[in-house]
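Following the hints, position chain G against chain Y.
So the protein sequences, as listed, match chains Y and G. Here the working numbering is used: the first residue of the first sequence is 1, the next is one more, and so on. Here the working numbering is used: the first residue of the second sequence is 1, the next is one more, and so on.
Be a bit skeptical, because a hint or two may be false.
[Stated by the list, open to error] DSSO-like mimics (lysine-lysine), calculated; alpha carbons at most 27 Å apart, straight line:
hint, chain 1, residue 1, chain 2, residue 2
1, G, 137, G, 77
2, G, 116, G, 29
3, G, 117, Y, 39
4, G, 42, G, 77
5, G, 70, Y, 7
6, G, 70, Y, 82
7, Y, 39, G, 137
8, G, 29, Y, 22
9, G, 117, G, 29
10, G, 31, Y, 22
11, G, 116, Y, 39
12, Y, 84, G, 29
13, G, 42, Y, 22
14, G, 117, G, 70
15, G, 70, Y, 39
16, G, 31, Y, 84
17, G, 42, G, 70
18, G, 79, Y, 39
19, Y, 7, G, 42
No wet-lab data here; the hints were simulated from the structure.
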Amino acid sequence: MTVNGLKNIPEFSIINEGDMDKEITVPFCCDLLSVAMSKAPAGAAWVTIMGNVNALAVSSLTDCACIILAEGTAIEPNVLSKAKIQEITLFKTDLPIFDAALKVYNLING
Amino acid sequence: MSNSLRIQYLISDEDFTRAGEASGDVKAKLKMMGVNPEVIRKVSIAMYEGEINMVIHANGGVIDVIITEKDITMILKDKGPGIKDLDLAMQAGYSTASENVRALGFGAGMGLPNMKKYSDEMNIETEIGVGTTVTMKVFF
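Bound-form chain G, shown alone:
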């Protein structure tokens, strides 16, 4: 871990227009590091979905990104309502997004499934009324 880069992003509350800035920034950094484009794509998708989830469901939060020579770890922490039924939330097509959110093109119920699909390791800790922490890792 001697050569690691740590970055923290604040994801603001209900700001759909800024969602994607953190993942865009990470993408640019990985590109500069010469990481394989397919790996960059995986990281971009997984992190963007996470960012959107934080905006839609949890009034924003904080994303810590740790980049080493071998992998990238993204820790997405929010103080939202927590996920009631994690198994259901992981099912493709299941969504609790509002009509407003759907009108923006989200709410297809693909967020968590995409995050799992495009990360190599994913762990979710969630507690009702306390918040959710999603940790994703992608190997280079």
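So here's chain Y without its partners, still in its complex pose:
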């Protein structure tokens, strides 16, 4: 399933569209950036509450498919502008991290 498929999850809203044709391999949950840096699989739909520019850097360096900001996490204006420049797809949701990841998991696994 591609990132575009996540638009079918009603609880998710899209904040920035990057490469929507990227294939999602797996949902991945983590809020510590150094841990995410070493553990996020390529193509991951990364569910986190870290809505800062450093999370964007980690997402980009680890080739995540997209970031899903859970728990209604607010982002700073510089995050949106940087996401646009780096073409990183950002979703937000009020769902808790686990529930958001489960939605992605269920969509991938039919």
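Quick look at chain G alone, frame taken from chain Y:
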């Protein structure tokens, strides 16, 4: 070393918003060179952790990157406080990062361990009050 590419990056002081730009740039260059994606991932992680360490602990510094056909060498040099206990700093989970830094999602004590894990060779020279130089090499 005839076909080597040398790049120098200045890592600015306390600027978390720019941390990752140097490693991102190196990543893009390696991608253009057609380097194996797993190797690019190793380089990206090792260098990004180094960049973050320089911002968090050492008021920035300079990173020299040398890319040859066989490998990449990253030399991260700072004029920070130096590392008091290197063995302790290399332990996963040990961190001297401030609360502010932790709030950004860092300070998990994984920086140096990640750098060692994802580089093929790593050497650290550090002196209290003078600074630290970390040299990492990753083979293609």
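Verify the proposed pairing of residue 42 of chain G with residue 22 of chain Y, using a straight-line Cα cut of 27 Å. holds, 21 Å
Given hint residue 39 of chain Y paired with residue 116 of chain G - CA-CA distance at most 27 Å: holds, 15 Å
Below or equal to 27 Å on CA atoms is what counts here, so check residue 117 of chain G against residue 39 of chain Y. Holds, at roughly 12 Å.
Hint consistency between residue 42 of chain G and residue 77 of chain G [alpha-carbon to alpha-carbon, up to 27 Å]: holds, 20 Å
Is the straight-line distance between the alpha-carbon of residue 7 of chain Y and that of residue 42 of chain G 27 Å or less? violated, 32 Å
Does the alpha-carbon distance linking residue 70 of chain G and residue 7 of chain Y stay inside the 27 Å limit? violated, 43 Å
Residue 84 of chain Y and residue 29 of chain G: Cα distance at most 27 Å? holds, 21 Å
Given pair status - residue 84 of chain Y, residue 31 of chain G, alpha carbons within 27 Å: Answer holds: residue 31 of chain G to residue 84 of chain Y is near 21 Å, not above 27 Å.
Holds or violated: residue 70 of chain G with residue 39 of chain Y, Cα cutoff 27 Å? holds, 26 Å
Hinted pair, alpha-carbon criterion (27 Å max): residue 117 of chain G, residue 70 of chain G. Please report holds or violated. holds, 19 Å
Between the alpha carbons of residue 137 of chain G and residue 77 of chain G, is the straight-line distance 27 Å or under? Holds, because 15 Å separates the two Cα atoms, which is no more than 27 Å.
Pairwise hint evaluation, residue 82 of chain Y against residue 70 of chain G, where the allowed Cα distance is 27 Å at most: violated, 33 Å
Hints 5, 6, 18, 19 from the earlier list are contradicted by this structure; the remaining hints agree with it.
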